[in-house]
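Required output: the full structure, derived from the provided sequences and hints.
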Amino acid sequence: MTSVPVDEPTNTSMSQTESPIAIAPSAASRLRERLFQVLPDIVLPVITLLVVLLVWHLIATNLGGGIPGIGETWERGVELLSDPFHSNGPNDMGIFWQVLYSLGRVMAGFTLAALVGVPVGFLMGSSAIFRKGWAPLIQILRPVSPLAWLPIGLLLFRAVDPSAIFVIFITSIWPIILNTSAGVVAIPNDYRNVAAVLRLNRIEMVRHILLPATLPHVLTGMRLSLGIAWMVIVAAEMLTGGIGIGFFVWDEWNNLNVSSIIVAIIIIGVVGIILDLGMNMIQRRFDHSQR
Amino acid sequence: MSAYLSIEGVGITFNPRKSPTPALVGVDLKIAKGEFVSIIGHSGCGKSTLLNIVAGLLKPTLGGVFLERQLVDAPGPDRAVVFQNHSLLPWLTVYDNVRLAVNKVFGKTRGEAERHEWTLHNLNLVGMSHAIAKYPSEVSGGMKQRVGIARALAMEPKVLLMDEPFGALDALNRARLQDALMGIQTTLRNTVIMITHDVDEAVLLSDRIVMMTNGPAATIGEVLDIPLDRARKRLDLADDTTYAHCRGEVLRFLYARHRPADADAA
Ligand SMILES: Nc1ncnc2c1ncn2[C@@H]1O[C@H](COP(=O)(O)OP(=O)(O)OP(=O)(O)O)[C@@H](O)[C@H]1O
Ligand SMILES: [Mg+2]
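Residue numbers (my numbering), protein chains in the order written: chain A, 929 to 1219; chain B, 6 to 271.
By construction, these hints were calculated from the structure, which means they are not laboratory data.
No false leads were mixed into what you were given.
Sample of chain A residues at the chain B side, in silico, Cβ under 7 Å: (1) 1122; (2) 1127; (3) 1140.
SDA-like cross-link-like pairs, simulated, lysine to any residue; straight-line CA separation at most 25 Å: (4) 35/B <-> 196/B; (5) 139/B <-> 1212/A; (6) 64/B <-> 82/B; (7) 64/B <-> 1057/A; (8) 139/B <-> 1121/A; (9) 35/B <-> 13/B; (10) 238/B <-> 249/B; (11) 163/B <-> 1121/A; (12) 23/B <-> 224/B; (13) 1060/A <-> 1110/A; (14) 38/B <-> 161/B; (15) 1060/A <-> 1120/A; (16) 163/B <-> 193/B; (17) 109/B <-> 1130/A; (18) 64/B <-> 1128/A; (19) 113/B <-> 125/B; (20) 163/B <-> 67/B; (21) 238/B <-> 183/B; (22) 113/B <-> 1129/A; (23) 113/B <-> 162/B; (24) 139/B <-> 1209/A; (25) 113/B <-> 1128/A; (26) 113/B <-> 1131/A; (27) 1060/A <-> 1048/A; (28) 139/B <-> 1214/A; (29) 109/B <-> 1124/A; (30) 64/B <-> 14/B; (31) 64/B <-> 1116/A; (32) 23/B <-> 1056/A; (33) 139/B <-> 1216/A; (34) 109/B <-> 1141/A; (35) 109/B <-> 1131/A; (36) 139/B <-> 1143/A; (37) 35/B <-> 194/B; (38) 139/B <-> 1144/A; (39) 163/B <-> 63/B; (40) 109/B <-> 81/B.
No residue lacks a Cβ here, since even glycine has one placed at the ideal position from N, Cα and C.
So this is what it looks like as structure tokens:
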């Protein structure tokens, strides 16, 4: 079973590397060098992709059970993505709007979490009293699945949208608090000594030492938060309903449109990567140790 | 007697409650204005601790430090420190690292343009004018140390405190920076306390060398005057008898009378 999928893609990659050499023998050596450079970056993921597709194909044809084939899913994907902006009332909106609504909730909860989490993290990092007082609470709450907070949100806000945002807020806040306070604690004593010799006052201390020194840690916390938040929103929306990629998945499941769900999974993954790349770019822009 | 800087009966004990370890006891030292004093001693004897007490970063358990008869009880720019590992702020450029200090010290007394000029002037003193827009991570270790010195000089401190300023540098860079520092010192005549491990560096740069006994409970063992004329030249001193004598005195103190504890075992 395992030898079959491994053999086939290997052959494919061989033919890819050989064909350009046969076409242009003059530049053969340079091309081969080039190909060997990009080989691990391009060919290996392609191999993986082919293996996955093959396994999928085998499962869909042999096991059946409602798992759609590759071709069927592809068609559904083209269909969904060819008209992503349509909007015929709240029950029939394009995939773009679904993603946008989910992103909106994530951004709202995430922004609120940053606004609360960063100051709390600063307090915890700079004051042992705060740290000792808050650490146990955070230790207990952090491992709880954010979805457990959904009923509390529904109770508090009596509406689904704020509840979903509340769940994202809870999801995002722990990594932000913990990374921010760790960043403050990790400020080298040297910087504090420089600040002391210069007699920086409290505001100057925050502006010239605390903020720039902890910014990389804060951004790391935000990047972690955003990644988890994007995972959690799908689950939260499945429970709350409304417009959003999570409820879209749930809705399609109720209509037994499994091919739509697979397309949605891929879209969710791609959006997740884009979010992470965006945060990575911001992180690199502000990381003084990388300069 | 009214010395410019006076260290009087300074002692410090770390962890006074748990496991009291006296690091320094009965340190007395008077330093005149414009004097260059080196502190030399084996690793761990408490040189940095003493310097940090003068800087105000540590509080002595006993005694006190007086600058122009005022008790030193907090850090301040009148006792600028050149830290062992440069301690530049990595998110600021070379220029901004110095400028931050200039703004803080002269923000009320000098105008914008004047502070800009003064920042450039001090970077020029240490030969760093070419790299003002670079970040600390983009320049070499020796250059970082130069910027650290420029930052301290720019504060126009009453006392310049340097904790092994060239400790992390290779021999060539070290010699170059020593020469640069000597040049600056002949014109500015700062009052300087410098910690060093390097006997040649101490003799070359200092008016007096303070030799410390080994810890725990370290104190000043001996103070050696260096009766060499100023405007010293590294090469001329190579065959100078006074130089050789001073050098020998320090070496004898460090390796005959106050050998480090681990050297006995070896
Ligand atoms: N904050 C502190 N708490 C407890 N002990 C300390 C503290 N700072 C320094 N010591 C101890 O005091 C002694 C002197 O330390 P110090 O750093 O002043 O030595 P040093 O002469 O500067 O050594 P080196 O040449 O290696 O820099 C050491 O034994 C050190 O362990
Ligand atoms: Mg030291």
